[in-house]
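Undergrad: Top to bottom, those sequences are chains A and B. Take any residue in the first sequence, count from 1 to its spot, add 508: that is its number in this note's numbering. Take any residue in the second sequence, count from 1 to its spot, add 508: that is its number in this note's numbering.
Possibly wrong hints are sitting among the right ones.
One copy or two, it doesn't matter: identical chains are merged, so the pair holds either way.
[Claimed, not checked] No farther apart than 25 Å at their CA atoms in a straight line, the calculated lysine-lysine pairs in the DSS-like style are these:
1) K604 x K619
2) K619 x K672
3) K681 x K604
4) K547 x K677
5) K619 x K678
Quick caveat, the hints were computed from the structure, so don't treat them as lab data.
What follows is the residue order along each chain.
Protein chains: 2
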Amino acid sequence: MLYILRLNHRIKRDKRITTHCALTGRAFGADGMIFTGEKDDNIVKSVEDIIKRWGGEFKISYSSRWQNFLTKMKEQNYTIVHLTMYGIQLLEAIPKIRRKKNLVVIVGGEKVPSEIYEKADYNISVGLQPHSEVAALAVFFHEYFKGKELTREFDEIKFKKGLKIVPQKKGKKLIKK
Amino acid sequence: MLYILRLNHRIKRDKRITTHCALTGRAFGADGMIFTGEKDDNIVKSVEDIIKRWGGEFKISYSSRWQNFLTKMKEQNYTIVHLTMYGIQLLEAIPKIRRKKNLVVIVGGEKVPSEIYEKADYNISVGLQPHSEVAALAVFFHEYFKGKELTREFDEIKFKKGLKIVPQKKGKKLIKK
């Protein structure tokens, strides 16, 4: 199982970034996302609306304390990956991480507590410049799944009902499964 | 040269998403971004602040009309790539696109005019589920540059001054170039 832990959500500033983290995780194969920081029912609602329309079983929930969640996941032998621009390079670390089946992938805001760096099994950088937690998650999952996440038939795995896109050179084609 | 065209920016809703599009473009090797929609000096300011601190020559500007910009770029033989979940699959199209040196990569909001689909040389989908323009740009550039964007020495190319990260297993290390 693959979970995202999104730290330090701030309602005003991060509304859409946190939603995009969840949707990116969902589209690229994660099973769920927990977010901490400010409680925000709109995030949960937005993501659940997408799941309702497009299918799948992605879980999204708020937690007031990341410590409890991480402790529980570590007890269950999850590997903890923290995406930070200060870590070791993604392409160097990814072959080892690909062998792990159960991951928690952490993305933070600007002030990540140093405890996170300590608790993580891997502190991974996606490039050496500041950019975006959404971009970091996307490239991480893309490398983890070796690009297979982009073409797989979701309906065979867990997208049993919902909308389905038919790739087109021009325009849009969408069918109801 | 590689430019991003970000359509339909809305100040309230897209502030951070549009900034993240620009920062992701910059970090992954684009030369600049033009955004349309609502004029927003704060976006320009945020991105220019990052450039001032971290180096590089990324250009960011607002345009009231994407039509003029696209026409100009087409006259200069730029290839127009539109990232949309309805297009043909990235991994199918990318070998051809990699051969093009001058690109405009378009990302839109929810309502992309059909003219964009028509004007684009390639309508490309990064996965078949809704997610994020930031994620789409990141994975597109990652595939376009074959991952080299993550490890290259920016200072040798265009990041002549600014901050530099030294990859670490735990913690942060930053030096002033």
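Undergrad: List in ascending order the numbers of the hints, as given earlier, that are violated by the structure.
TA: Failing hints, ascending: 1 and 4.
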